[in-house]
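Each chain is listed here by its residues.
There are 4 protein chains.
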Amino acid sequence: MMGKFQIRTDLALEARESYEADDVRVRGVRVEEEKDAQREICTTIVHIETENGAKAMGKPVGTYITIEAPNMSTPDEDYHREISEELAKHLCRILGERRGSVLVVGLGNRDVTPDALGPDVVGNLHITRHMIREYGRMPGDLEKAGEVSAIVPGVMAQTGMETLEIIKGIVEETNPEVVIAIDALAARSTKRLNRTIQITDTGINPGSGVGNHRNAINEETLGVPVIAVGVPTVVDAATIVNDTMEELVAEMDRSASMQRLGGTLGTLDQAEKHQMIRELISPHLNTMFVTPKDIDETVKYLSYTISEGLNIALSDAQPDREKPDGGRG
Amino acid sequence: MMGKFQIRTDLALEARESYEADDVRVRGVRVEEEKDAQREICTTIVHIETENGAKAMGKPVGTYITIEAPNMSTPDEDYHREISEELAKHLCRILGERRGSVLVVGLGNRDVTPDALGPDVVGNLHITRHMIREYGRMPGDLEKAGEVSAIVPGVMAQTGMETLEIIKGIVEETNPEVVIAIDALAARSTKRLNRTIQITDTGINPGSGVGNHRNAINEETLGVPVIAVGVPTVVDAATIVNDTMEELVAEMDRSASMQRLGGTLGTLDQAEKHQMIRELISPHLNTMFVTPKDIDETVKYLSYTISEGLNIALSDAQPDREKPDGGRG
Amino acid sequence: MMGKFQIRTDLALEARESYEADDVRVRGVRVEEEKDAQREICTTIVHIETENGAKAMGKPVGTYITIEAPNMSTPDEDYHREISEELAKHLCRILGERRGSVLVVGLGNRDVTPDALGPDVVGNLHITRHMIREYGRMPGDLEKAGEVSAIVPGVMAQTGMETLEIIKGIVEETNPEVVIAIDALAARSTKRLNRTIQITDTGINPGSGVGNHRNAINEETLGVPVIAVGVPTVVDAATIVNDTMEELVAEMDRSASMQRLGGTLGTLDQAEKHQMIRELISPHLNTMFVTPKDIDETVKYLSYTISEGLNIALSDAQPDREKPDGGRG
Amino acid sequence: MMGKFQIRTDLALEARESYEADDVRVRGVRVEEEKDAQREICTTIVHIETENGAKAMGKPVGTYITIEAPNMSTPDEDYHREISEELAKHLCRILGERRGSVLVVGLGNRDVTPDALGPDVVGNLHITRHMIREYGRMPGDLEKAGEVSAIVPGVMAQTGMETLEIIKGIVEETNPEVVIAIDALAARSTKRLNRTIQITDTGINPGSGVGNHRNAINEETLGVPVIAVGVPTVVDAATIVNDTMEELVAEMDRSASMQRLGGTLGTLDQAEKHQMIRELISPHLNTMFVTPKDIDETVKYLSYTISEGLNIALSDAQPDREKPDGGRG
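Protein chains in written order, with this note's numbering: chain H, 1 to 329; chain Z, 1 to 329; chain A, 1 to 329; chain V, 1 to 329.
No wet-lab data here; the hints were simulated from the structure. Heads up, the beta-carbon is just placed ideally off N, CA and C, and yes, glycines get one too.
Which residues of chain V face chain H? A partial, calculated answer using Cβ under 8 Å:
no.: 1; residue: N109
no.: 2; residue: D111
no.: 3; residue: V112
no.: 4; residue: T113
no.: 5; residue: A157
no.: 6; residue: T190
no.: 7; residue: I240
no.: 8; residue: E247
no.: 9; residue: L280
no.: 10; residue: I281
no.: 11; residue: H284
no.: 12; residue: T287
no.: 13; residue: M288
no.: 14; residue: K293
no.: 15; residue: I295
no.: 16; residue: D296
The whole structure should be built from the sequences, with the hints applied where relevant.
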């Protein structure tokens, strides 16, 4: 779902980086990083632990796992499989024991290519709820394989309804233990597009994401835990223009000072410059997005990789069972 | 939604015809017919008025309007417009005053061409609920234009849920006054395919359609009236084979008797012959359907015609207001 | 491409079986069979070696390889991979040295689910011609990996042109060494649907397939060898009705004779019975096909399996190179 | 087809405006304008008459008709019809007598929403070539209604071939009198997106469009006249950033001078400023485009409007025949 304009990122990683640039530690936010150089996969976990941290980051308290892999959207099936397994590993951890019945929600608009990620992921899932309910678990199935159901609700222009209304009605009627929402995200920078998967236990929180937002899709609004899985496929057009102009102003300041002219730009203070930039950004841009020209190929690979990750995670109800000393004994 | 095999038709018109062939009047069933020779549109209204009639017809008590037009699926926009208006007229009558808020449900599988009618119709609707809720009615709008919302729930193999569960949850959450369900139907004969629209106030009633069916989508299961609009786009494969074989047996009986041989076939009684036919029908056929090779073009025209009919009916909240003495005074 | 009615099969295997039933050996036709019980894959190679054999079979002289696997269209990726490899093996053999440049043609109508196989296969191919022409072969590429190009021409109702005209124009302009045409086929029996891949070096030959057919897509019409790969996804509606009725008549004859009544049906000779059956088959049926209700899932799996087979075959320009003593020396 | 980056517009109208801003008349370029205030349709015809004009405009010698209508992509069928008729009028004029056989080419990528305009237009055309060839003209047809054929060639990433190769092959094989190419365009400004149709008799000329371009689709490369019909649906991401930054620099210069500081920015000359801007534009942006979030709805309306325009123009082979004294005498 692509929302209204603001200087915006759906990635906790990018929200943190804006502080990092200023070499500031944010209280209430803890970060772990793990690099697998051989597989070229970098996993970062941002824990937002306090309301103070949430306010600073503009995202609710919770865990945000980011899997970055530069070749995520190139055609290399074996590599995609490794990413699917990394995703499955984190999903299993977050899901814990809550896997008896899972409703997967494919958010977004199937008719707009970069927004079709959610619907496409649902199209490749192994749906089992109706089979298990009619025939019971198959002999080959794991003892506790969960019932998987799925819905592609569509966007408000297609349905006339808030997505929350649709999901809430279905959740109340079918009582899943947990909801997994798949969505295309907006990044701040084109560098992260189509090479980053974010998994969070906080659900979908439009806007600042802090506070009891009317249309959030999360445990508070649905009554069951909501895990969100997303990939940034677009950058807001206004954001990209704003950011490049900020760089231009910074660069000009540097040039000016290098030229020891003290001069002009210094006389426009920071606030005046921001104001000037905002005024120059066409209001048209607020309803526009930026995306790569090969987004069709990219979304095809990404959606397949995420579906596989979910299929692995949801068919394996006992992730620890292979470990001889593992598990519950 | 294409269901399990049985000698089956979703058209009340065809159910009635099987009696007509035997020149039998069914008690509790009343029929009106209206032919517009110039426009080549024939409208039949079957009223099933008693439980006795319902049992005989295999369809619940209610009204079944059938619009037949031979060129419904040929590319002639002006003609399509006339059919849309005929459809709108009947919809308005059935809707009556219940048009403040309407949920349109596009049943069927968008990935199987003849079953994509419902999803395609929803794709061309004017969705207004979110606009009216945010901005109020536009100056140009009729005073009481209804809030139109819509959903394409998908089929059980895609969702793992009964369609009823999905619709019920959404209805309880959004409280429409009435549901209109659009669906591709199965006819008994290829002659009716893609040239017949059925409108009924009884909703969707799988199987025999009589009795409190678990997965019916009707007023009883949803709590609000359900109008169903459908076009037959397939014939069950087993039905088509059965029917042709019944004709073959009848023909052979005639040939035999014409030959005054009294003979063989007479010795197989009616029940034995039916039994033989049933045994010859491959069980594979129960999961198969018959449809025309140009079904893509056909579904495109039909879905557009039905969308237009709905758009006309739902934008006109006061169908009688032009009549000076009309309406409620 | 789904053609005009006749009692018809596109599978050489089924053409042969009609003789087998009568325990007749067809001169000029040689058959090899190979069963892999463990993998449940059965491969049959029909060699039509003489014009006499071609006339008897209703198919041109050439080789017809049929891979049968009962679970071909169930969701089991490892199994699909084995079938892809079996397909690749046979393609490599037929292609031989002609792999420097290959044009893959996805025949059929992408808007009719069972006919979308060809277009869907092309959608998953690794297309390399433009890359090799611009950048040369990549370091990782095999030395002689071929240039792969592809086209989805559409059907005549969409283009107004014979498919042959389109392909011929493109072949003359781009000069591939060989054409591989992917197409959905019609089987005679529902038993073979969606579980059989046919590979032939004779191209696409509509109708009887013998003689210099105007719209055949083969070496004669294109000037380069044409390999056709197809899967039966439909049965002609008239064929299925005809066949069941033939069985009914046979069964009635048996019943009659069992009853030692000698009688009636005997008095209708074979030709009269066939005539009666033909007359009962509605002419509507000639434009109709029969296909399974889950054809969307089936075509998704099949097209992916075939794409993979092609991707393996076309990226491997030297299939024998791993064998130390291998090759042609 | 969305090409490589450069500060770019496919609209002759925008190319001219950059001169207008400087109040410069371009020699060899003549402009006519016609406003229909009531219908809110503004038509501009740019005639590039000399090689000098072509060089200045960066577009080949020829006629460029632009139809602008602010509500082109809002849901108002009667208004769309008026635009279709305006389009048909201009097409008829350009086509003149060359309408015996027309090949319509739907350029672009059907899987990327803003680039699907061409394929979608072809999907709604009345294709007649095969019907006329098989049955002759229908009684209702105009005596000289042309044979309409169509192709959707796909993009190079899908086919491995230059679009020109595909079209050229088909043209040589089927010999149409004229080609009409439909394509999604890139505008310079978001203001023109989805509200402008450009019709030109110069065909498709990528890049500067002047000179004998390798992959142009025009009379020179195909041997028959090529009419191009396009709608701008995207802006190159780098263009939008560049333009906003140019405005920022201009604005800062003004602010600076207003502050009578003479100063800093003046010391960076025009060329230095352009250089700085170019360096700040991320190379990522060269492969990105900007498009509105509701592009799915927009392309649906636009493609339908253009199809209708073509259907009107191509079914009417004698546009002047109703005029009693008609013709050009």
